[in-house]
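Knowing the structure of chain G, use the given hints to seat chain D on it.
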Amino acid sequence: MARKMWMRGTIAAVSAAAMLALGACSSEPASEESGGSESAEGSGGDELISIGFSQVGAESGWRAANTQSIQDTLTEENGFDLSFSDAQQKQENQIQALRSYIQQGVDVLAFSPVVETGWDAVLEEAKSAGIPVILTDRAVDSEDDTLYESFIGSDFVLEGEMAGEWAVEQYDGEGYKMVELQGTTGSAPAIDRKEGFGTAISGSDIEVIDSQTGNFTRTEGKQVMEGFLQKYDDIDLVFAHNDDMGLGAIEAIEAAGMTPGEDIKIITIDAVKDGMQALADGKINYIVECNPLLGPDLAEIAQKVVAGEEVEKRIVVEDLAFDQEAAVEALPDRQY
Amino acid sequence: MPATTGSRTRPAGPPGLRNLTHHTLFWPVVALVALLVANTIFSPDFLSVSILDGHLFGAPIDILRNSAPLLLVSLGMTLVIATRGIDLSVGAVVAIAGALSLSFIATAPDPGSVSTVIIAIAIALGLCLVLGIWNGFLVSVVGIQPIIATLILMTAGRGVAMLITEGQITTVTSAPFKTLGAGFWLGLPAAALIAYGVYLIVALITRRSALGMLVEAVGINPSASRLAGVRARTIVWTVFALSGLFSGLAGLILASNVMAADANNAGLFIELDAILAVVIGGTSLQGGKFSLSGTLVGVLIITTLTLTVTIVGISPLVTPLFKALVVIAVTLLQSPRVRDKLAARARQRAARPEEVAA
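Residue numbers (this note's numbering), protein chains in the order written: chain G, 33 to 368; chain D, 4 to 361.
Bound-form chain G, shown alone (with noise of 0.2 Å):
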C-alpha cells in the first residue's frame, strides 16, 4: 500500500511539473509582446530583416529538403533573423505561430498553409499590424488576395503537363493502356497533376483504363498497383503522382515477375532522392521535378517587399524533369 502511495505521489509530481511548464509556454507570448514591438520599430533599414516561417511539418523527404533550403538561405549573413516553427500537419499549430509572430512584430511572415481554407483571421490580423505575408509551395483559397504579398511555388498543373507531353513524345501510337496512382483525395497537388496529365495526353491514343488514389505513400501505392495487375493484364504505363507511390508500384510490378520500366513503363513527378535512385537504375522511365529549393526565392521576395518594391503576386519556381540518361547524371549533386 505505501508503495503504491509513493507511486501515486510521484505521478502527481510529474503532472504538476508538466502543468506549470505548459503554463510557462502559454504565458512567453504574452511577456515577448510588450518587448516585441519596440524591437520592431527599431529593426529595418539596413538591420536584419526578422522573418517568422511556419512549416507545415516534417512528413517527407521533399519537406526536409524545403526546410534545410529555407534554413541554409535565411542566415544572419545573409541579412535575415529567421524564426522557424514546425506545426506537425495542424493547421491551429500554424495559426497560433503565426499569431506569435505577429505580436512578436516580425518584418515579414511566410508559411506554407496546411490546409487552403480558414486563414482569413489570422492574415487580416498580419495586415491590420502592417505585417506583409508570403505564401510558399500551397497557396490559400481566399477571396480576398490583398491579405498577402506573394505566393512562391510550383506549378502543379504544368507538372502534370510535362509528364503527360513527354508520354505522348515516346509513346503515342503504340496503343498504350495506363493506371493512375492518384495523390491524396481532394488535395491540389492530385487534383492539378490529374488535370495536367489529362490535358497533355488528349489527342493521343495513350488510354487511361483506370485511376485510383494512393495517398501519396508508398504502401497503398504498392496495394493498389497489386490490385490493378490482378485486375488487367495488358497495364503498359504506370503515372503516379509523386514518387514514393511509384517506388509502392515498383515493388507490387517486380512481385508480379514483370520488369519496372521495361514491361510495365513508369512516371511520376517530385525527384527526391530514392525517386532519382529508382530512375537512374532504370526502374522509373521519367520523373518531373517538383522543386522543394524555394529559400533563394523566398530571400528575394522578402528583401523587395520589406524594401518597398512591387513583387509579382504568383512567382512560379522551375521545375527540371530527367530522362533515366539525365538522372545518372545529376544523382551525384543532388542535394535532397
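Keep in mind that a hint or two might mislead.
Once the Cα atoms are required to be at most 35 Å apart in a straight line, the calculated DSBU-like pairs of lysine-lysine come out as [said to hold, decoys possible]: (1) 122/G x 181/D; (2) 326/D x 209/G; (3) 226/G x 297/G.
Think of the hints as simulated: they come from the structure by calculation, not from any bench.
Structure of chain D alone, referenced to chain G:
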C-alpha cells in the same frame, strides 16, 4: 452467467440451419464470401493462384500477405479488449518499430548481412515490448483508464518515430530484411506465415490453457476475478505487453513490405482498423468473451475490402462511403436485436395468410 446475455428463445424451424445462421460469425463470413464473389465477377480469375518464380502468386496470396500486419495488431487488440481495455497506441508502435529497425540497418556497416537484420529486428521488438509494458504499467499499476493511458503513446509515439528517422523517409536495401515482408518461404508469403503462425500459437495458448478463461474473467468483472484469486493485474499487464510486441512485429512487416520507414504514414489509423476487425468478429468492447476466429474473419474482410475497391473500380471520392456501408451492413446483420426485428416482421408476413385461411 455471461452466456445468458441476449435472448435465446427462438421460433421453431429446422434446427441445423437456424444454429448456423445464428452463429456470431455467420454474417461476417457471408460478407467475406460476398466480397470475394463480387471481385470474381469483376475479375473472373480473381481466385486463381498460379506459380511464379517458384512461389504462389495471385489475389488470394496478396490478401493473405496484406492481412498479416492487421492480423497481428488485431490479435493483440482482441486480448486487450477482452480485459475491458483498448490500445490506441498500436499505430504509433508500428511506426516506431519500422523507424528503429530501418535506421539501425541504414547506419550499420553491412546492411545486407543476416546478423545486422536479426539485431535490428531484436532491438525494434525489444523496444516495442517495453512500450507495451509501459502501457500495461499505466493501466494495471497506476490505474489510468486504458483509452487515456494509450492515448499518451499514440500522440507521442509518432514524434518518437520522427525523431528516430530525423523527419526523413528512411530507405534501405537489405535482402534479408526484405524477405520478412515481401519474401516467400515454402512458396507462401513469409509475412503471412509469421502472422498466421503467431495467431495459431496465441489461439492454442488461450484456448488450450486456462489463460483465455482468465482473460475473460478479468474483462467481465476485474474485482470479482481478483477476489477469486485471479492475478488481474498481471493479466492486464501481459495483454498490453503482447499488444505492443505484436504491433512491433506488424511494423517490421509493413516497413519491410516497401523497404521504407515512413514515420508519418506507417500504420496510420491501423488502430481503428484493428478495433473494427475485433468488433466485426463479435468481441464486445465491454470486455469479457472474445473470439479469435472472429477477429481473423474481421481482418480478412477489411483486407479484402481494400482490394475490392481497386478491383471493382470504385471512385476514390466514394471509397470511404463504400467501406462504411459494408461495415454498417455487417454490424447490423450481426446485431441480435435487428435480426429479431427482421425475423418478427418475416413471421408476421408469413402468418397473415394462414389466419385468412382459418
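Run the distance test for residue 226/G versus residue 297/G: straight-line Cα separation, threshold 35 Å. Within the cut-off at roughly 18 Å; holds.
Residue 122/G and residue 181/D: Cα distance at most 35 Å? Distance of about 34 Å is within 35 Å: holds.
Hint consistency between residue 326/D and residue 209/G [alpha-carbon to alpha-carbon, up to 35 Å]: Holds, because 28 Å separates the two Cα atoms, which is no more than 35 Å.
Hint compliance for this structure: every hint is met.
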